[in-house]
Amino acid sequence: METILVLAHTETDGSLAKPALEALGAAKSLGGTLIIGLVGENVQAAAHRIAGCGAAKFLAVSGADFTQARYATDAAAAEAIAKTAGASIIVAPATSRWNRVLSGVAHRLGGRADTHVTAISAAAGAISINRWYYRQRMEAVIQRAQRPWVIALDPGCCEAWQGDAGTATVENVAVALAEAQKRTTVTGVKAPAADQQTIRPDAPLLLVAGAGWTKKQADGQTHVPEAEKLILGFLKLTQASLGGSKSLVDLGGEGQAVLSFMTHLHQIGQTGSTPRHQKGLSTCCHGEEPHTVGWRFVNERRAISLDPNCGWARGKADVLYVADAFAVMAKVNEQLAAKKSA
Amino acid sequence: MSTPYQIVVCGSIVPDPLQTLEPAAGPAGPALKNEMMLPAVLDPWAWHALFEAAHLAKGAPGSKVWLVSIAPKAKLQQVMMIVAQKAPFELVAVDGPSSGFTEAAEAAAILADAIKAIPGLDMKKLLVFGGWESASRGAGATMQIVGERLGVTDQFQGVDKLTVAGDGSMEILERIEGGKHQVSKCAGPPAVFGWATGNLPEPPNNPQTGMMNMRTIMPSLQRAKPAKLGAEGVKFVSVTQPSQRRDTQIVKDTPPDEVAKQIVAWITGG
Ligand SMILES: Cc1cc2nc3c(=O)[nH]c(=O)nc-3n(C[C@H](O)[C@H](O)[C@H](O)COP(=O)(O)OP(=O)(O)OC[C@H]3O[C@@H](n4cnc5c(N)ncnc54)[C@H](O)[C@@H]3O)c2cc1C
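Residue numbers (the working numbering), protein chains in the order written: chain W, 16 to 357; chain S, 1062 to 1331.
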């Protein structure tokens, strides 16, 4: 039987984010002995929150040095907890913080890590995971001989653990840090102002803007300010998350007319992100393969493009509207606004 | 005064993203159908890392850039014809598979050995660059393990920006959740950087740079030692291609008002 360690870090407010609870939910489904490992400035509240999860032990590395998402200290903390737990399987949420260190930690433990795991299952004594290769073009189910096996589970793939809070007794694992492990200091987070934040990973709807928004239209002119107004108007009315094609987000670097709120962080696809949303609406985008690989986890897809032969027409979308996105989105916003005020 | 760097970029080759890929059973596990026939490119995020390396080196006189690559020699040579024109670097080639179905840990061991063998390597100047994830395995694991094997524990992933301050310290912007960047300050080399797209546009072709690079590229390819790179301990239970094709309904010649109605009903329809 495997000993399973769920390795989680707390958020700045001491809470556990949903991906951590999802990792716990997934780990519980495997059976075996469960150990919880927590890293953060102060982890007691998080331990109490999941006190009812049935863990045999709660281990923690905490203190001011472990507030920051910093490779050297996070790796040291994760390594120390894993060694104390002696676990054969380590399940962790694939947050940016853990993604930075888990493969390095697996190396220190003499084990292996699998990242971007989308499912875990146990059958007939064997644990299997699912993960994608070649940027979401093919999915593999794999098993591993190496232990410890670190499994970083992508957020949004498993049911979050739900259970009772209570009182958990936390065992502290001591980690002595050398000065060399503090050569890096996290100084802050750079984010757009809250009302300008257009990337919303938890939104049910994704709006993708393509380069067409900045191209010359039927009247021979570009209409970038109008495009901005339509897109921002739609985002405001729907609270959708905004994505872009590479061609659109690259325009800035090439000195062309750009949508001022578009950055590389918005890019979806091969060299962009692969977000999870229930629905996605593509506008003024051609739907080429390097773009649409980023739509793997968008369930319902519709597109508006002037080109009836674009990629969306060829099995990439459920519905393609061959129409002018400027005209359609103006009407969409009008109708949404009317609906709101009704 | 700026410090000169030794910047080592790790990057392999991947099938051109415009290609349709299909899994196939190979002698040593899963592979791609017609893998050797597919046109290849330098792994896109490593490609960005290379531009950033060249940019940083240019601003710090005395710096040098290496590109360390494990790939089938013949294909790597083809890709180098293009890459060589973009930025000055010295190639360190290792002859091995570029398949996504190999292990990051095994690749990292080979890369770390290749880096350690670079003559005159100085840890006080070393910056190890690469893509934060490959377009093949997509694990984001290799660079971390390379760092561990070199004893470098200042590591950054999803890097979009690296700025060197007057005192030689570095400010790094890394992608984190929700369209934000984490800002860190690192005292200086050695450090590992897994790059996301960064901020630089693709440099124009420079035939002169290409010719200069070729002087080291060809001998490096000739010298390239074969490396054993597989997936020991991994059992691929299945590798499948999802059925991607949707039955697309194409709506044409419909007034914007009507299209909008359908879209609004779909969005708000729970
Ligand atoms: C290595 C590599 C990596 C890549 N990675 C990515 C990636 O991560 N993400 C990505 O997106 N791409 C990526 N690409 C690029 C990709 O191949 C396409 O070039 C890109 O997605 C095209 O963007 P687009 O569809 O917005 O622009 P275009 O191809 O210019 O298409 C614009 C579309 O807008 C339509 N249009 C114009 N005006 C209107 C209007 N008024 N109403 C409706 N429709 C209109 C046009 O008909 C056209 O279909 C990559 C390519 C390579 C080689």
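One or more hints might be untrue.
Stated by the list, open to error - Below are the DSSO-like pairs computed for lysine-lysine, each with C-alpha atoms no more than 30 Å apart in a straight line:
{"no.": "1", "chain 1": "W", "residue 1": "244", "chain 2": "S", "residue 2": "1186"}
{"no.": "2", "chain 1": "W", "residue 1": "197", "chain 2": "S", "residue 2": "1241"}
{"no.": "3", "chain 1": "S", "residue 1": "1177", "chain 2": "S", "residue 2": "1246"}
{"no.": "4", "chain 1": "W", "residue 1": "33", "chain 2": "S", "residue 2": "1322"}
{"no.": "5", "chain 1": "W", "residue 1": "33", "chain 2": "S", "residue 2": "1241"}
{"no.": "6", "chain 1": "S", "residue 1": "1136", "chain 2": "S", "residue 2": "1241"}
{"no.": "7", "chain 1": "S", "residue 1": "1185", "chain 2": "W", "residue 2": "197"}
{"no.": "8", "chain 1": "W", "residue 1": "205", "chain 2": "S", "residue 2": "1241"}
{"no.": "9", "chain 1": "S", "residue 1": "1186", "chain 2": "W", "residue 2": "43"}
{"no.": "10", "chain 1": "W", "residue 1": "244", "chain 2": "W", "residue 2": "230"}
{"no.": "11", "chain 1": "W", "residue 1": "346", "chain 2": "S", "residue 2": "1313"}
{"no.": "12", "chain 1": "S", "residue 1": "1185", "chain 2": "W", "residue 2": "346"}
{"no.": "13", "chain 1": "W", "residue 1": "355", "chain 2": "S", "residue 2": "1322"}
{"no.": "14", "chain 1": "W", "residue 1": "98", "chain 2": "S", "residue 2": "1296"}
{"no.": "15", "chain 1": "W", "residue 1": "98", "chain 2": "S", "residue 2": "1177"}
{"no.": "16", "chain 1": "S", "residue 1": "1186", "chain 2": "W", "residue 2": "354"}
{"no.": "17", "chain 1": "S", "residue 1": "1241", "chain 2": "W", "residue 2": "230"}
{"no.": "18", "chain 1": "S", "residue 1": "1241", "chain 2": "W", "residue 2": "251"}
{"no.": "19", "chain 1": "W", "residue 1": "244", "chain 2": "W", "residue 2": "98"}
{"no.": "20", "chain 1": "W", "residue 1": "230", "chain 2": "S", "residue 2": "1322"}
{"no.": "21", "chain 1": "W", "residue 1": "33", "chain 2": "S", "residue 2": "1246"}
{"no.": "22", "chain 1": "W", "residue 1": "251", "chain 2": "S", "residue 2": "1313"}
{"no.": "23", "chain 1": "W", "residue 1": "354", "chain 2": "W", "residue 2": "244"}
{"no.": "24", "chain 1": "S", "residue 1": "1136", "chain 2": "W", "residue 2": "231"}
{"no.": "25", "chain 1": "S", "residue 1": "1177", "chain 2": "W", "residue 2": "231"}
{"no.": "26", "chain 1": "S", "residue 1": "1246", "chain 2": "S", "residue 2": "1222"}
{"no.": "27", "chain 1": "W", "residue 1": "251", "chain 2": "S", "residue 2": "1322"}
{"no.": "28", "chain 1": "S", "residue 1": "1177", "chain 2": "W", "residue 2": "197"}
{"no.": "29", "chain 1": "W", "residue 1": "197", "chain 2": "S", "residue 2": "1136"}
{"no.": "30", "chain 1": "W", "residue 1": "98", "chain 2": "W", "residue 2": "72"}
{"no.": "31", "chain 1": "S", "residue 1": "1186", "chain 2": "W", "residue 2": "205"}
{"no.": "32", "chain 1": "W", "residue 1": "197", "chain 2": "S", "residue 2": "1125"}
{"no.": "33", "chain 1": "S", "residue 1": "1119", "chain 2": "W", "residue 2": "205"}
{"no.": "34", "chain 1": "W", "residue 1": "354", "chain 2": "W", "residue 2": "294"}
{"no.": "35", "chain 1": "S", "residue 1": "1147", "chain 2": "W", "residue 2": "230"}
{"no.": "36", "chain 1": "S", "residue 1": "1222", "chain 2": "W", "residue 2": "205"}
{"no.": "37", "chain 1": "W", "residue 1": "205", "chain 2": "S", "residue 2": "1246"}
{"no.": "38", "chain 1": "S", "residue 1": "1134", "chain 2": "W", "residue 2": "230"}
Just so you know, the hints here were simulated from the structure itself, not pulled from any lab data. None of these values were measured; they are calculated from a predicted model.
Status of the hints after comparison with the structure:
Simply put, residue 244 of chain W and residue 1186 of chain S have alpha-carbon atoms about 48 Å apart, too far for the 30 Å limit, and the pair is violated. At roughly 23 Å between alpha-carbon atoms, residue 197 of chain W and residue 1241 of chain S fall within 30 Å of each other, so this suggested pair holds. For the given pair, residue 1177 of chain S sits about 26 Å from residue 1246 of chain S by alpha-carbon distance, which is consistent with the 30 Å threshold. With a C-alpha separation of about 35 Å, the suggested pairing of residue 33 of chain W with residue 1322 of chain S is violated against the 30 Å cut-off.
The straight-line distance between the Cα atoms of residue 33 of chain W and residue 1241 of chain S is roughly 18 Å, inside the 30 Å bound, and the hint therefore holds. Our distance criterion of 30 Å between C-alpha atoms is broken by residue 1136 of chain S and residue 1241 of chain S, whose separation comes to about 37 Å. For the suggested pair residue 1185 of chain S and residue 197 of chain W, the alpha carbons sit about 17 Å apart, so the restraint of at most 30 Å is met. A distance of roughly 6 Å separates the Cα atoms of residue 205 of chain W and residue 1241 of chain S; the hinted pair therefore holds under the 30 Å criterion.
Restraint check for residue 1186 of chain S and residue 43 of chain W: the C-alpha separation of about 46 Å exceeds 30 Å, so the hint is violated. A hinted pair counts as satisfied when its Cα atoms are at most 30 Å apart, and residue 244 of chain W with residue 230 of chain W qualifies at roughly 16 Å. Restraint check for residue 346 of chain W and residue 1313 of chain S: satisfied, since their Cα atoms lie roughly 17 Å apart, inside the 30 Å limit. Distance restraint check for residue 1185 of chain S and residue 346 of chain W: the Cα-Cα separation of roughly 60 Å exceeds the 30 Å cut-off, and the hinted pair is therefore not satisfied.
This hinted pair checks out: residue 355 of chain W and residue 1322 of chain S have alpha carbons roughly 14 Å apart, not beyond 30 Å. Between residue 98 of chain W and residue 1296 of chain S the CA atoms are separated by roughly 26 Å; this keeps the pair inside 30 Å, and the hint holds. For a cut-off of 30 Å, the pair hint linking residue 98 of chain W to residue 1177 of chain S stands: about 29 Å separates their Cα positions. For the hint linking residue 1186 of chain S to residue 354 of chain W, the alpha-carbon distance of about 61 Å lies beyond 30 Å, and the restraint is violated.
For the given pair, residue 1241 of chain S sits about 28 Å from residue 230 of chain W by alpha-carbon distance, which is consistent with the 30 Å threshold. With a CA separation close to 19 Å, the supplied pair residue 1241 of chain S and residue 251 of chain W stays within the 30 Å bound. Note on residue 244 of chain W and residue 98 of chain W: the hinted pairing is violated, with a Cα-Cα distance of about 55 Å set against a maximum of 30 Å. Under the criterion of a C-alpha separation no larger than 30 Å, the hint pairing residue 230 of chain W with residue 1322 of chain S is consistent with the structure, at around 26 Å.
With a C-alpha separation of about 29 Å, the suggested pairing of residue 33 of chain W with residue 1246 of chain S holds against the 30 Å cut-off. Only pairs whose Cα atoms come within 30 Å are accepted, and residue 251 of chain W paired with residue 1313 of chain S is accepted, the gap being roughly 28 Å. Between residue 354 of chain W and residue 244 of chain W, the direct Cα distance comes to roughly 19 Å. Compliance with the 30 Å bound is thereby established for this hinted pair. A threshold of 30 Å between alpha carbons decides the hint, and for residue 1136 of chain S with residue 231 of chain W the separation of about 40 Å lies outside it, so the pair is violated.
Restraint check for residue 1177 of chain S and residue 231 of chain W: the C-alpha separation of about 53 Å exceeds 30 Å, so the hint is violated. Pair hint residue 1246 of chain S plus residue 1222 of chain S holds up; C-alpha atoms about 12 Å apart against a cutoff of 30 Å. Between residue 251 of chain W and residue 1322 of chain S the alpha-carbon distance is near 18 Å, which keeps this suggested pair within the 30 Å criterion. For the hint pairing residue 1177 of chain S with residue 197 of chain W, the CA-to-CA distance comes to about 25 Å; that is within 30 Å, so the pair holds.
Between residue 197 of chain W and residue 1136 of chain S, the direct Cα distance comes to roughly 42 Å. Violation of the 30 Å bound is thereby established for this hinted pair. For the suggested pair residue 98 of chain W and residue 72 of chain W, the alpha carbons sit about 14 Å apart, so the restraint of at most 30 Å is met. For the suggested pair residue 1186 of chain S and residue 205 of chain W, the alpha carbons sit about 28 Å apart, so the restraint of at most 30 Å is met. As the CA atoms of residue 197 of chain W and residue 1125 of chain S are separated by approximately 27 Å, the hinted pair is consistent with the 30 Å bound.
For the hint linking residue 1119 of chain S to residue 205 of chain W, the alpha-carbon distance of about 27 Å falls within 30 Å, and the restraint holds. Of the pairs offered as hints, the one joining residue 354 of chain W and residue 294 of chain W holds, with about 20 Å between alpha carbons and a cut-off of 30 Å not exceeded. A distance of roughly 28 Å separates the Cα atoms of residue 1147 of chain S and residue 230 of chain W; the hinted pair therefore holds under the 30 Å criterion. Between residue 1222 of chain S and residue 205 of chain W, the direct Cα distance comes to roughly 12 Å. Compliance with the 30 Å bound is thereby established for this hinted pair.
Between residue 205 of chain W and residue 1246 of chain S the CA atoms are separated by roughly 13 Å; this keeps the pair inside 30 Å, and the hint holds. A C-alpha spacing of about 42 Å is found between residue 1134 of chain S and residue 230 of chain W, which places the hinted pair above 30 Å, so the restraint is violated.
Violated hints, in rising order: 1, 4, 6, 9, 12, 16, 19, 24, 25, 29 and 38; the structure is consistent with all others.
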